[in-house]
Every structure is written in C-alpha cells, then in structure tokens.
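A.B. asks: Both chains are sitting in their own frames, so use the hints and assemble them into the complex.
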Amino acid sequence: EPEVTQTPSHQVTQMGQEVILRCVPISNHLYFYWYRQILGQKVEFLVSFYNNEISEKSEIFDDQFSVERPDGSNFTLKIRSTKLEDSAMYFCASSEQGEQYFGPGTRLTVT
Amino acid sequence: QKEVEQNSGPLSVPEGAIASLNCTYSDRVSQSFFWYRQYSGKSPELIMSIYSNGDKEDGRFTAQLNKASQYVSLLIRDSQPSDSATYLCAVNDQAGTALIFGKGTTLSVSS
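Respectively, the protein sequence lines represent chains W and H. First residue of the first sequence? That's 1 in our numbering, and the numbers climb one at a time after it. First residue of the second sequence? That's 112 in our numbering, and the numbers climb one at a time after it.
Excised from the complex, chain H in its bound form (with noise of 0.2 Å):
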C-alpha cells in the first residue's frame, strides 16, 4: 500500500516566520513530488513541482527532496495570514498517473 505522511497539526507560525511542512513516502520508486494548497471547501491549488533531489525555489516557497530519505518538504518564507490553509503533499505513483496525497497539514499564520 502506497502511502504519503504528513503531520496533521496545525503548525502556528507568527506573520513573518518560516514555515516548515514535511511530507514522507513510502514507495521508493516514486518519481514526481508536488505541493498543493487546499483553502476550506475549496479545491487543491497546485504549489511547487519537483522531480530532482535538492532545492527548488519559487517566490517566497521552496520545496526539498531527498528521495534516499524518501522525504519532501515544503518551507514558506515571510509567511502570510493569506498562507494559512491545508497544505497537501502528492507523489506520482509507479504508473505516472494517479497522484497519492497525504492527509495535509493545516498551517495557521497569525498576525
């Protein structure tokens, strides 16, 4: 059974601080990792992609691979009230098609 990891929550940050959401997979084959944001009763909004090992950096958002550590992570920076929501994490499964998400984790940005 394939299966994505993350820490429910909620992780509080003050407005300002780095946030850090992380995410671990089980299936060792996996090859593309992504990042959505899921405000309440809305739909995912995708985030970042990243297929390699390493860093990826998009505005204020950088995500982390580390696929011997079968692990990815997600740090927010100057993070915003507008940044609190449910941020999910999906890997690709063996096929290339179906995304596999984990439960998300809640974010709460306080002001």
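So that you can see chain W by itself, here it is in the shape it has in the complex (with noise of 0.2 Å):
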C-alpha cells in the first residue's frame, strides 16, 4: 500500500539555524499539506500545496517558513531561522481529494 514518507526521523538544531524538512507524497496524489503537533498538543495546520503553489496557509506559517516541490517526487518545508518553539513533530500528507493521509512524521528539535 503506497505511503507518505518523511525524512530526517528526528532533527536536531540550534536555535537560528535552518531546517529542511523532507516528503515523498503518495505518487498519484495532487494536494500536499504540513502539520506541526507540539508534544501534548493538538495537530495544528500550517500550508497546503496544489499545482506548484500554496493554497492555503496558517497564521503560523509566516515568513521563517516556506514549502517548495523540487522535482516530481519530493515536497519540502524549509524553517530559516529556528526558534525554540519551532521544536515539535511535523507531518507532511497528501490527498488526491479529501482524504489526507500522513507521514510518521519528523521529530524537530530545536536547542
């Protein structure tokens, strides 16, 4: 069965340094969305993605974030400058229509 994945597992970073956060999105599939949950918290939406533009972006996806799909398979998000509250599980998934399916995820750690 075709899946969402996502890599690095965990990341590690120091504050003010940047991040890249990688997906492979099912491969028939046109949408493609982030989602940051901190530890103990509630999945929270941050950007769609269709037809090589945003569709859709959260109040916390402000200027430090931005997604970009670099070739036909990968979907990434990029965090300039990383601040403490960066640090959270991100998940990428993807739909071909309203069911989104996600990745397990990336564990970001930010010191």
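Hint data in this document are derived by calculation from the structure and do not stem from the laboratory. Treat the numbers as computed from the prediction; the structure is a model and nothing was measured. Take every hint as true, because none was put in to throw you off.
The calculated label-pair distances, taken between Cβ atoms and stated as ranges, are:
no. : chain 1 : residue 1 : chain 2 : residue 2 : range
1   : W       : Val24     : H       : Asn177    : 33 to 43 Å
2   : H       : Asp169    : W       : Arg80     : 36 to 46 Å
3   : W       : Gln17     : H       : Asn177    : 41 to 51 Å
4   : W       : Lys78     : H       : Asp169    : 32 to 42 Å
5   : H       : Gly120    : W       : Glu85     : 21 to 31 Å
Ideal Cβ positions, reconstructed from N, Cα and C, are used throughout, including at glycine.
C.D. replies: What follows is the structure in structure tokens.
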C-alpha cells in the first residue's frame, strides 16, 4: 500500500539555524500539506500546496517558513531561522481529493 | 476562530464493549469530517471519512454526522485492546484544504 514518507525521522538543530524537512507524498496525489504537533497539543495546520503553489496557509506559517516541490517526488518544508518554539513533530500529508494521509513525521528539536 | 471540541477522556471500556466518541465543531459551513487514530508517538492514521448526514459503517467502525447539530461521532464495536489510542476528530475548513483537529479523546480498552 502506498504511503507518505518523511526524512529525517529526528532532526536536532540550534536556534537560528535553517532546517529542511523532506517528504515524498503518495505518487498519484495532487495535494500536499504540512502540519505540526507540539508535544501534548493538537495537530495544527501549516500550509497546503497544489499545482506548484500554496493553496492556503495558517497564521503559524509566517515568513520564516517556506515550501517547495523541487522535483516530481519531493515536497519540502524549510524553516529559515529556527526558534525554540518550533520544536514539534512535523507531519507531511497528501491527498487525491478529501482524505489526507499522513507520513510518520519528523521530530524537530531546537536547542 | 474555528473550533473542534472533543472530550479529552480518558474513556475506559472493557474488551468487547462499544466505545462512543463524540465531537462538535463550530464552523457551520464545514463539509468534510474525518476520524483519525493516533498511537502515542506516531502519526495520525485515517479511520473514517463522512460527508453526508447519517451513518457510515466500515467494519467495526461507524461514523455518524448531524450537520444541524454540528456533531460527529465514532462508534467502535467489539472494542479490542489494540484500539487503545487517541482518536482525533478533524473537519475541513471553509476553503476546503486545511484540516482543523480537535485535541483528541484517549480511549483505553481493558482486557
């Protein structure tokens, strides 16, 4: 069964550093998403992406964040200058239409 | 502010019983509703989607939607210890891309 994959599974970075989180969505899906979940809190929407552009973004997704589909398979989330409060699980998801399927996540730890 | 509300639990049921999980949402124009299961430290796993008023059954799971009452529920029949997890209710926002999640209800099934 096809699934969303994410790398790395765990990323440790220092405050102020740039990080890139990578995702490979399910191959025939057209919609891609990033969500985050701070420990003990609910899953929060960051951004959705369709047809090589952002469809929707939340208030969390400020100028420090960007997304890119650099090739036909990868979908990336970049955080330019990480803050302590960016520490969270970051989930990539993809969908063909309504149902979104999540990857295993990247645990980002900012020290 | 769009909200999805769930009782955090824990909801404890004996093996073989029916577990009933409830969710209310604030945005009257929401169109799509989803139940995800999340094991501790893992990513959300899609269980059910429901788009129309009424019941939708899939194996041991039944989702129920009442748009007039802005209420979604999930019934799990013949609960198993492996069903012990946090169940997340999610609703599509008005733009139709972002999922708005509740905090989740923790279910514990005892053998």
